[in-house]
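**Q** Each chain, written out:
Number of protein chains: 4
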Amino acid sequence: MTSKNEIKQELRQQWIETPSWAYGNTGTRFKVYRNPAAARDPYEKIEDAALVHRLTGVAPSVALHIPWDRVDDYATLSKHAAELGMRIGAINPNIFQEDEYRLGSVCHPDPKVRRKATDHLLECVDIAVAVGSPTVSLWFADGTNYPGQDDIRARQDRLAEALRETYAAMPDGVGMLLEYKLFEPGFYTMDVPDWGTSLSHCLALGPKANVLVDTGHHAPGTNIEFIVACLLRLGRLGGFHFNSRFYADDDLLVGAADPYQLFRILSEIVAVGAHRPGSAVAFMLDQCHNIEDKVPAEIRSVMNVQEATAKALLVDREALKAAQQEGDVMGANGVLVDAFSTDVRPLLAELREEMGIDPDPIGAYARSGHAERVRAERAGSTGVGWGG
Amino acid sequence: MTSKNEIKQELRQQWIETPSWAYGNTGTRFKVYRNPAAARDPYEKIEDAALVHRLTGVAPSVALHIPWDRVDDYATLSKHAAELGMRIGAINPNIFQEDEYRLGSVCHPDPKVRRKATDHLLECVDIAVAVGSPTVSLWFADGTNYPGQDDIRARQDRLAEALRETYAAMPDGVGMLLEYKLFEPGFYTMDVPDWGTSLSHCLALGPKANVLVDTGHHAPGTNIEFIVACLLRLGRLGGFHFNSRFYADDDLLVGAADPYQLFRILSEIVAVGAHRPGSAVAFMLDQCHNIEDKVPAEIRSVMNVQEATAKALLVDREALKAAQQEGDVMGANGVLVDAFSTDVRPLLAELREEMGIDPDPIGAYARSGHAERVRAERAGSTGVGWGG
Amino acid sequence: MTSKNEIKQELRQQWIETPSWAYGNTGTRFKVYRNPAAARDPYEKIEDAALVHRLTGVAPSVALHIPWDRVDDYATLSKHAAELGMRIGAINPNIFQEDEYRLGSVCHPDPKVRRKATDHLLECVDIAVAVGSPTVSLWFADGTNYPGQDDIRARQDRLAEALRETYAAMPDGVGMLLEYKLFEPGFYTMDVPDWGTSLSHCLALGPKANVLVDTGHHAPGTNIEFIVACLLRLGRLGGFHFNSRFYADDDLLVGAADPYQLFRILSEIVAVGAHRPGSAVAFMLDQCHNIEDKVPAEIRSVMNVQEATAKALLVDREALKAAQQEGDVMGANGVLVDAFSTDVRPLLAELREEMGIDPDPIGAYARSGHAERVRAERAGSTGVGWGG
Amino acid sequence: MTSKNEIKQELRQQWIETPSWAYGNTGTRFKVYRNPAAARDPYEKIEDAALVHRLTGVAPSVALHIPWDRVDDYATLSKHAAELGMRIGAINPNIFQEDEYRLGSVCHPDPKVRRKATDHLLECVDIAVAVGSPTVSLWFADGTNYPGQDDIRARQDRLAEALRETYAAMPDGVGMLLEYKLFEPGFYTMDVPDWGTSLSHCLALGPKANVLVDTGHHAPGTNIEFIVACLLRLGRLGGFHFNSRFYADDDLLVGAADPYQLFRILSEIVAVGAHRPGSAVAFMLDQCHNIEDKVPAEIRSVMNVQEATAKALLVDREALKAAQQEGDVMGANGVLVDAFSTDVRPLLAELREEMGIDPDPIGAYARSGHAERVRAERAGSTGVGWGG
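Residue numbers (this note's numbering), protein chains in the order written: chain A, 1 to 388; chain B, 1 to 388; chain C, 1 to 388; chain D, 1 to 388.
Take the hints with a grain of salt, since some may be wrong.
Said to hold, decoys possible - Computed footprint of chain B on chain D; a stretch qualifies when at least three of its residues, placed anywhere within it, have a C-beta under 8 Å from a C-beta of chain B:
1) 216-228
2) 294-301
3) 320-334
4) 338-347
To be clear, the hints were calculated from the coordinates, so they are not data collected in a lab. Ideal Cβ placement from N, Cα and C applies to all residues, glycine included.
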């Protein structure tokens, strides 16, 4: 079994990316509740992300969403991040919030709309280069609401074409992630609804295109850790968008709905060392804090991934393998359950102290006065809707 | 078997209510696409609803949503409707779009918020009286996102209290409908998630409180016609919000996702005559036309309910009962399937001609020039979000 | 907060009933794998249940399934149980394994079949009296596979009639539980598919009829703890059939699929003291151990319920209530999560030692030699299928 | 648009394979109800299949399940089929009904079990050659019930190895189909749970391995026609197991649960001509008739696929494409709906008369006296369980 120090060593090097959009206002279709502490622009979002990193020690990068985070000068934004000890992580194009995209973006029946959408993808490749980001992370809101509304195969062909052009434009050092989602905003088809679709496009593109697993984007009952294990076996897992859900794409705090599932996912990751620095697998959060405060929600989420990783590191791999080989059903299951049942909070507190940070990040945040300060500063926010 | 003329006679008297909010802009949490033809205020919404009635002959009332449809003078609004040959139908309170309601309305932990929410319910009772509406139709967006966020039982008690006060305020001739919904916007609990919860509140209130079934508000796999049959047997089905869904509360055109399910629901209705005038069961549409034109979408939806009703009327009830009694599984099923397989479009075209309307309502709409006209008139719409 | 000693005192008195059928062979429709250690008759099943009680200290009764556990002389069976320190728990009629029941039992269109089925229910009331059982626990496999196959409302009426007759025959001291299940073996309707149906029948019967919640019998996404809380508020929760599932009615070990859900259910129970002796809520297991050994599977299941209860007892109810009142979303959630994150295994080991049993029931079972002994003794088992 | 005669010409050539196991007794885990008319051996099953073909005209082959249909002399069996005007279709290995397979077959941790299972696959290749079958159709019941029970990736490796060996043994003219299934009998993982897994194995094997879509094997909400369209686009759709379901793998008559879904699937098929003779896509039924008579159930199922195909052929492809190109959401949907709303029963009756068969196959079956005859002949059946 891995020793406590080895486990801490592994955890110390974990890298969990938070998304800029988690720091702004988000909501449901019924209402975006304004949070007076919500960040108002990319600079403030990076500041909030930097605070999350300072308090947790393992969140040193922040993902951007374009155009929500579009700025005139990316060098300045990148420098701003660096000064706060942060890097810019994945660049996420947004091609669903302009009226032209009502029927799709790169899958739209009209080539002019597709051209515009693909141009935005290419712009995002350029931004990735400009800010030193290793990744362009693609999620397409494309889909249809009614049977017959558009041709499923034709849309796949259009998608493939846009992906090829984007892939071809990517320089060395920039990779592509292709996310899938079962439904929403498309309510009949989504053009990339599942990992089978994403994988088949990635295989057609080449080794720099890989599948992104968003933990909230599956049909009820889907075994996510199975997909993770299969993608790892095929060398095609590009990363995660972590969040949790009870019903659909609820975008709740990761680990809040089913912490045992999160642990099982991390256990597959740890089994092949994909949690380590240098792994090809990106750990990113993607959540909407509709009713809770945003910075502490991200802190808690980072901690939840960290706790699940710690428990996964506690799994006695030799005992597990032995029980599996013997066909000892309950014994093998018991090895996993034992790790999950362990309270890793003391271990993580110890690790944080060794890293020179507060053992209690949530308490430290409360004591920091950040919430009170930004509520005053940002009170005049006029942001409406996502990205506002 | 019912004769063709009897079937037409039944269909001629059908009453399907369209909702004012179907004529305005709606969208998903990702984007509200503006439709230049969307109605801009309650008066225009009633005009659009009246057009749907003129073209279909069976949609003579329109439901309102308060405050989206709040006006200074309800008598004038009611008169406007009457002049267009319409009645005001169900009054739907909206207690989810103000910042105070972030954690709930009548279930909120803070009594001040509950007071405000209940006052809005009472206002809606007054509006119902003012406009001559027979129904206050309640849907609560109340719920929680995280385990422990609030006390489930305490919230039920608060809900019961607000319902009692509202029920007590309802004069003769006004009834209460209580809608349930599995999830959204609450992603952990909804305070009225299923028919069991709705029914138990209605039983506690009295005979004027009945369950409203929204066809998109169930867990995957739920047999809706079973619930309808049980509520009919118990005398507690108050009405429907019709729409359709493939995944969640997709709010697509009724009948668009699973026309056979719609037929089975109507078959339970027709079996007890609950489609007839004077029935206690209200037929209302509740849909969001995010990407399609709104008036034709409502026309098509009314026609879809009408077609399902016509097929339900075609079911040979004696043959069905005989096969059921004999335990003839495939024979009994075959009786239903035969009715569903019948093309009722010619029958409905004939009925429309007898009613003095165009046999092809969708074509008549296209030829009416309405879309072109309102697109020009309403171009300046500044509505944002639902109700805007 | 409750002290450690108080928590142990509560746990010491917990009562978890195991089912006789968990000790025999079970399987899927594809295959019943024979386990050479499976109990062959009611006497052996009670012996196995007694062993589970000896090793866990909190499983002092065993539920019977009739006719699987039919014997000539119930007094002798009851005495056998008493000698082993056990009581006979709930009596479960089985009216789905005779050819007459192909189209239903008490809901069958043929009154002769209904008579036979109701007579079996009455027999089970007599057996309950004979063995001193407090409960007749009803699950009906009745349902239909095809739309139209039978009349939904007529079947409800037939069900109500059989329940009334059975209820009327129940003497003081014997209560009725009415279980619901979404699907299987009926694949279109089940006659009691959800808690709304069960509750409405129980309300019609009287106070001795209450709802039984089987944790594996819900549609995907159903919030079970919400149902539990509502039934507790209404005073109509009769008990549980505990098990767990990833997909459908998988009948896996309770807590094996989602231990956090089990904890949340227990937290609702503990909040109203319904885990205590004298509570009206029965805690019963109902699982199928298709591929794992049966006795250790029941031991582990009892332990899982016990661990979830211990964690539920650790919830700081005052802190929870305070955070809820303040609308502190993450704070309130954090109180629950803190309890769940605690490792209660040491506490339970301590409790067991105080109770004079082995702190490690699974290890104690392995060391007991029971498996080896019964594998030899029971090798000649010819049982086929459930109950065989 | 396609003319009526062209449509009939297409339908005349349709080929729908029925499965031998549909003619024997099947059931749920709770009970296998014996049907006195059920076929008792492979010879009788082929006779029943031949009757279905005689009455429908489009079901000229029958799939076998080994060992349920194992005979000493396959040449004789094949000749028996030919004399009845039938061919032997897909050979389906069964590696889940022996005690060794409790923890899996080709994925089992023990190499001896894997050897035995793979040998059975190789035997089935030999049988396919012996009977002139073009296909070995693989479904693996392999999976696990508990997290940690076995290593997901190791099981994939073992599966890949067995598939490679089997694939290598397949002579020209024999292809492999790889079926996927979300759950059951595995309740935590299945080793081939979805089309992504099946496709990635087929890609690794070569062009003769293709994906089989069983319409009942998906998670709730899965859009099956999307998968069908993607597999067609990739040239990797091998065939169907048709059936229908409301909940899980209910194995009801195809088209009985959602006829509109079946139509949409067939519409994707027809759009690329994959329904035609010479297409690489096999149309097979795979159903369990637990409570209904078996031969008429297969007749009705063949008719349901035929009706869905007829409606798919009625789709006005030019109008559909035009509306799609224009972004006319409701117009495009309307083209599909118009085809679906058409009553094709008269067309099919006409086609049958032209083919020299009774226009009413169900009525013809009733009049044939087959049921009465075989009930007498087969009364002594002692078959128990599937395949018995």
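**Q** Hints first: check each against the structure and report whether it holds.
**A** A quick look at each hint next to the structure:
1. 216-228: holds (count 3)
2. 294-301: Our answer is that it holds, as 3 residues pass the Cβ test (under 8 Å) against chain B, meeting three.
3. 320-334: Contact hint for the stretch 320-334 of chain D vs chain B: holds, 4 residues under 8 Å.
4. 338-347: Since three or more residues must qualify, the claim that chain B covers the stretch 338-347 of chain D holds, with 5 doing so at under 8 Å.
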